[in-house]
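Peer 1: Here's the letter readout for the chains.
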Amino acid sequence: MKSASRRRSYGVEGAPYAHPSPTTALKGALRAPYFFLVPAVVLFLLFFALPIGYAVWLSFRKVKVSGLGLGSGARTEVWAGLENYTDALSDSELLDGALRVLGYGCIVVPVMLGLALLFALMLDSEKVRLAPFTRLAIFLPYAVPGVVAALLWGFLYLPDVSPFYFVLEKLGLPQPDLLDGGPLYLALSNIAVWGGTGFNMIVIYTALQAVPAEVYEAAKLDGATPLQIALKIKIPMVAPSLVLTFFFSIIATLQVFSEPTTLKPLTNSVSTTWSPLMKVYQDAFGKGDIHAAAAQATLIALATLVLSFGFLRAANRRNRQDARQGAAR
Amino acid sequence: MPYTKRRRLVSSAVAVALGATALAACGSSSDDEAQSGPVSLTYWTWAPGMDKVVDLWNKGPGKKEQITVTVKKQASGDTLVTKILTAHKAGKAPDLVQAEYQALPTLVSNDALADISGEVGDAKEKFADGVWQQTTLGTDAVYAVPQDIGPMMFYYREDLFKKYGLKVPATWDEFAETARALKKKAPDTDLTTFSANDSGLFAGLAQQAGAKWWTTSGDKWKVGINDAATQKVAEFWGDLVKEGAIDDQPMYTPAWNKALNTGKQIAWVSAVWAPGTLTTAAPDTKGKWAMAPLPQWSDGENRTGSWGGSSTAVTTDSEHKDAAAKFAAWLNTDGDALSALAKESGIYPASTSAQLSGAFTSPPEYFSNQPDFYRKAAEIAETTAPSAWGPNVNVAYTTFKDAFGAAAKNKSDFTAALDTMQEETVADLEKQGFEVAQ
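Residue numbers (numbering that gives the first Met the number 0), protein chains in the order written: chain R, 0 to 328; chain G, 0 to 437.
Hints are not guaranteed to be accurate.
[To be verified] Here are the simulated DSSO-like pairs of lysine-lysine, each with C-alpha atoms no more than 27 Å apart in a straight line:
hint: 1; chain 1: R; residue 1: 286; chain 2: G; residue 2: 51
hint: 2; chain 1: G; residue 1: 88; chain 2: R; residue 2: 63
hint: 3; chain 1: R; residue 1: 169; chain 2: G; residue 2: 91
hint: 4; chain 1: G; residue 1: 342; chain 2: G; residue 2: 184
hint: 5; chain 1: R; residue 1: 286; chain 2: G; residue 2: 182
hint: 6; chain 1: G; residue 1: 184; chain 2: R; residue 2: 286
hint: 7; chain 1: R; residue 1: 169; chain 2: G; residue 2: 320
hint: 8; chain 1: R; residue 1: 169; chain 2: G; residue 2: 182
hint: 9; chain 1: G; residue 1: 257; chain 2: G; residue 2: 183
[What the hints assert, rightly or not] Restraint-style ranges between C-beta atoms, simulated for each label pair:
hint: 10; chain 1: R; residue 1: 77; chain 2: G; residue 2: 187; range: 54 to 62 Å
hint: 11; chain 1: G; residue 1: 85; chain 2: R; residue 2: 256; range: 57 to 65 Å
hint: 12; chain 1: G; residue 1: 335; chain 2: R; residue 2: 163; range: 27 to 35 Å
hint: 13; chain 1: R; residue 1: 322; chain 2: G; residue 2: 415; range: 57 to 65 Å
hint: 14; chain 1: R; residue 1: 105; chain 2: G; residue 2: 78; range: 32 to 40 Å
hint: 15; chain 1: G; residue 1: 74; chain 2: R; residue 2: 300; range: 26 to 34 Å
hint: 16; chain 1: R; residue 1: 210; chain 2: G; residue 2: 78; range: 45 to 53 Å
Honestly, the hints are just simulated from the structure, not real lab data. Cβ atoms here follow ideal geometry from the backbone N, Cα and C, with glycine treated the same way.
Taking the hints into account, I'd like the entire structure generated from these sequences.
Peer 2: Here it is as structure tokens:
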């Protein structure tokens, strides 16, 4: 109570340390925030820091087998140093997986965010009809679980059971194999775009709604066309949301797992190690080598961190530069 | 008893302090108490209807011996192996587990399975030698009791074979000729497919050809995945895929179901459990299929491989290994238990005497047109070639899927894919510290 009343007096007088305060009360005031932090810190340590720490610890260990490895005591866990990491970095399959995901991301991210921005702008324009329904219709696929979406599309991609192929055949049009080679990337990207566009659209649309109406009014009085308003006002105003959605999309792309895993049984073209996370899963649960899997998971986490925060940093720097240039003008 | 009492006191004190964690401690202390009295066991299995079979035990022999078994339904195959190993790491594996034969060396090598030779040793005579040998891993120990087996057979559409004028192939050469003849008569139709998504099929075919993928010499493992026999099998299927005589798409997909159901694929190399799969995959063709022995590599030979099959094992974490072993032996050798297993879980028993008993006098419903289905199956089961599993079957199986999947897709050399499988398997053994003989 004491510290609370002291605080209030700070507020009233406006100058916190203007008059001497008893050090004991100050100490209490300093301790209070830590007290309130305790639940969060405990949860963080227990369910975040501890498992990560354990994974990192596992990544420095390995199993050593002696003899035929049968019976008790044949397996011991020993210190491996950086062995698991050098193995992971020299494993061409992990690198190939990263390249595959890069190719996949180059399709998914621009297409998904481009569509999301386009839809958001269209919904925000004045002439749109049935806006609430359209918004819901575009958003709805996001509510479909990723595995279900992948299964659904997988069935549509299989020539023998797909209604699309039935129509193509009846019309005598060419029937591309969507589960092989280059088209496989399109097929996988399509699932992600279908599922993710709605969410990103809502984020951008919400930002558009927050733009004050006076801005548009001023632009209109200056004779700006709707297209000019969209390009010169709306897009720059929602730039922070674009950065945010881009940031989320990069992370989601690097973590792609359920779509290729669900499509894998349908085709020979998706291997069990198609994406880096699939390789981690395969090593941990297919081969039973949790130590190698832990090292790879750590590397993927680091790469994700560097890439996503690298992007955020670059975006922030540009924003600041833009602001400075704007002020100079 | 004073020990138990003290432990109870401690655990209830801990219970007050730690809440949830202590619940487990309480549970285990009551288990200790049970040592002299009634025993309760947990059993991880994926067999459907197993709870009903276990009920027979709990109400009959189990009641007399005060051993109660509880079934915990699990996912099948590799996922369960991982789960058992994880639970074992925490010292909390269940008393009894269902395990496929090829998973036994992996489980034993992780010290997850107990040696129950003392309790179930005399069950040996109920099983074929080749089946029993898989549970001993060639040692004096016994790590499991065989439950079901999957001898491989050749399934074909009887009506379509007649329509296209095809003969049931007795050798693999004839099999290839049949595939080519069919392609000529009906270009849109395939005899079968080479599927890269189930390693067990390929392993069984190699086993039939006489392959020995894992053997031991002294303290060393020898890996023979690319031995002459397996190379012969890989080359055979690779050539068929390359010339387009058969399909190369995976099994168990909606497209595969449709192909079987509409007569686009007219044969399937499978095992004794195929009727169950066909019932769901190709319901419209019921009664049109027939079963024959697998084609042979040379005339006059009579061998088959096995695809699937599992056993019941007792874990090292069990506090009541004797009781668990007693149940495992009853489940897989007792007449009543086996006929219940056949009826409720639809398994094909490993126990030789059960293969022709009550439940197996009439054919599976899907094969009502072949009254001697199970008599023939028992004859084929007898010709099962010995198998040789090692401690990293999982690695070989995974590599198979990727290497052969890519080879089938590119219609490239299957023996190269086989070499990849061999190299990766050896590399993994060496990485783990096993000694590998060259």
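Peer 1: Evaluate each hint against the coordinates.
Peer 2: Results of checking the hints against the structure:
no. : hint                      : verdict
1   : R:286 / G:51              : violated, 34 Å
2   : G:88 / R:63               : holds, 15 Å
3   : R:169 / G:91              : violated, 59 Å
4   : G:342 / G:184             : violated, 42 Å
5   : R:286 / G:182             : violated, 39 Å
6   : G:184 / R:286             : violated, 44 Å
7   : R:169 / G:320             : violated, 65 Å
8   : R:169 / G:182             : holds, 24 Å
9   : G:257 / G:183             : holds, 22 Å
10  : R:77 / G:187: 54 to 62 Å  : holds, 58 Å
11  : G:85 / R:256: 57 to 65 Å  : violated, 20 Å
12  : G:335 / R:163: 27 to 35 Å : violated, 53 Å
13  : R:322 / G:415: 57 to 65 Å : holds, 59 Å
14  : R:105 / G:78: 32 to 40 Å  : holds, 34 Å
15  : G:74 / R:300: 26 to 34 Å  : holds, 28 Å
16  : R:210 / G:78: 45 to 53 Å  : holds, 51 Å
Taken one by one, the earlier hints fail for this structure at numbers 1, 3, 4, 5, 6, 7, 11, 12, listed in ascending order.
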